[in-house]
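Asker: As given, the protein sequences belong to chains A and B, one line each in that order. Per the working numbering, residue 1 is the first one in the first sequence, and the count goes up by one each step. Per the working numbering, residue 1 is the first one in the second sequence, and the count goes up by one each step.
Careful: at least some of the hints might be erroneous.
Derived pair list, reagent style SDA-like, types lysine to any residue, alpha-carbon separation capped at 25 Å [unchecked claim]:
(1) B:164 x B:55
(2) A:164 x B:152
(3) B:164 x A:152
Read the hints as simulated data drawn from the structure, not as lab findings.
2 protein chains.
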Amino acid sequence: MTRALVVLSGGQDSTTCLYWALHRFGAGQVEALSFDYGQRHRIELDCARTIAARAAVPYAVLPINTFAALGGNALTDPGIAVQGAAENSTALPNTFVPGRNLIFLTFAAAYAYPRGIRHLVTGVAQTDYSGYPDCRQGTISALEQAISLGMDCDFTLHTPLMHKSKADTVRMARELGALEALADSHTCYHGQRPPCGSCPACVLRARGFAEAGIADPLLERFRADPP
Amino acid sequence: MTRALVVLSGGQDSTTCLYWALHRFGAGQVEALSFDYGQRHRIELDCARTIAARAAVPYAVLPINTFAALGGNALTDPGIAVQGAAENSTALPNTFVPGRNLIFLTFAAAYAYPRGIRHLVTGVAQTDYSGYPDCRQGTISALEQAISLGMDCDFTLHTPLMHKSKADTVRMARELGALEALADSHTCYHGQRPPCGSCPACVLRARGFAEAGIADPLLERFRADPP
Numbered sequence: 001m002t003r004a005l006v007v008l009s010g011g012q013d014s015t016t017c018l019y020w021a022l023h024r025f026g027a028g029q030v031e032a033l034s035f036d037y038g039q040r041h042r043i044e045l046d047c048a049r050t051i052a053a054r055a056a057v058p059y060a061v062l063p064i065n066t067f068a069a070l071g072g073n074a075l076t077d078p079g080i081a082v083q084g085a086a087e088n089s090t091a092l093p094n095t096f097v098p099g100r101n102l103i104f105l106t107f108a109a110a111y112a113y114p115r116g117i118r119h120l121v122t123g124v125a126q127t128d129y130s131g132y133p134d135c136r137q138g139t140i141s142a143l144e145q146a147i148s149l150g151m152d153c154d155f156t157l158h159t160p161l162m163h164k165s166k167a168d169t170v171r172m173a174r175e176l177g178a179l180e181a182l183a184d185s186h187t188c189y190h191g192q193r194p195p196c197g198s199c200p201a202c203v204l205r206a207r208g209f210a211e212a213g214i215a216d217p218l219l220e221r222f223r224a225d226p227p
Numbered sequence: 001m002t003r004a005l006v007v008l009s010g011g012q013d014s015t016t017c018l019y020w021a022l023h024r025f026g027a028g029q030v031e032a033l034s035f036d037y038g039q040r041h042r043i044e045l046d047c048a049r050t051i052a053a054r055a056a057v058p059y060a061v062l063p064i065n066t067f068a069a070l071g072g073n074a075l076t077d078p079g080i081a082v083q084g085a086a087e088n089s090t091a092l093p094n095t096f097v098p099g100r101n102l103i104f105l106t107f108a109a110a111y112a113y114p115r116g117i118r119h120l121v122t123g124v125a126q127t128d129y130s131g132y133p134d135c136r137q138g139t140i141s142a143l144e145q146a147i148s149l150g151m152d153c154d155f156t157l158h159t160p161l162m163h164k165s166k167a168d169t170v171r172m173a174r175e176l177g178a179l180e181a182l183a184d185s186h187t188c189y190h191g192q193r194p195p196c197g198s199c200p201a202c203v204l205r206a207r208g209f210a211e212a213g214i215a216d217p218l219l220e221r222f223r224a225d226p227p
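Please work from the sequences and hints to get the whole structure.
Answerer: What follows is the structure in structure tokens.
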């Protein structure tokens, strides 16, 4: 049997990828891995753990203290406010952490290597509104080669959402039976649950569900059971 | 002026690369970076700091707590004895940390990125007796592309020692005026200073100096001034 490791952030996309992997590789063949890299919102890791437990997959968290030491970005530095690409003067949003996905996938491969797992799954999407260059297919393909050469075995990096719109991803989640799990996923850049509804991430998520004509189970849950 | 960042381990090869970079890019254009990744021998970081200070280059240390969390290799796990490739049953020596150089160079790029540095220098050598696959030119070239695409700017990864024998590296160090600095470099896998002289790393170093017909300044120092 072929086994796979899903990089699980606790967000909508990686949650959908977890269910894609279960469908593609089969129950019992999938594991999930998160990174505790000093993200401002610890709730992401709580969500990832809940999602992995619901999907009944082995789950591990690896620490990475390096990004916080590098500093200078809004994802790990509480002193920096989150800005979208359009709101600041540089080409990239200040949530850009140089090399973040390169590091995540390389460590995922290092985790998979001794376990005999050679398939990695990541929820990156070229259509990502933020335009992170490490989410593009070209980057992932180059990294797949670097990892395979660097560890002397053939890794495959799967990016099932690479060319999908957010609406397509929502439809895919429904087809995969992942909608309920999305109620446990986290998206809000402000770390709020229920989500703030107004940050760029919340707006993008809402637009995807609206375009797909599907109610967001996360919002449904809080509508049914206000905190 | 073009600036460069040298990944400095405190060993013989990266020390030689630091002097190569000073020669290639000019004094005042070079910085050095080490990683504190839980290496068993803290003396490596002491050596790197001393070497950077002697060369008068800005020097930083980035922490990486992930390799120790991954576990299972002799470089970070004190419960595992160092074995050469020939001494164990697997194809790679148990000092192999999957993806170590991929991670080091990607973090080096992430450190260089906001500083406007686009040239990285690493002392990896394809001739490395241990046969680490992440030291090969093919791996480094693939990684150069992955980093450049992932950070959306052109990085160059320099590997001045890639195809050199240890003897050639020693001769190169002499030409670059790096011999004295090599007295501060660390090689011994057993973390001893003066070096044990019998571990694979010590033996390889001694062979390189012998073949080059040059006395190892590290041994000379302890001969002149026994501890």
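Asker: All hints are to be evaluated individually against the structure, with a verdict given for each.
Answerer: Checked hints:
no.	hint	result
1	B:164 x B:55	holds (23 Å)
2	A:164 x B:152	holds (22 Å)
3	B:164 x A:152	holds (22 Å)
Every hint from the earlier list agrees with this structure, and none is contradicted.
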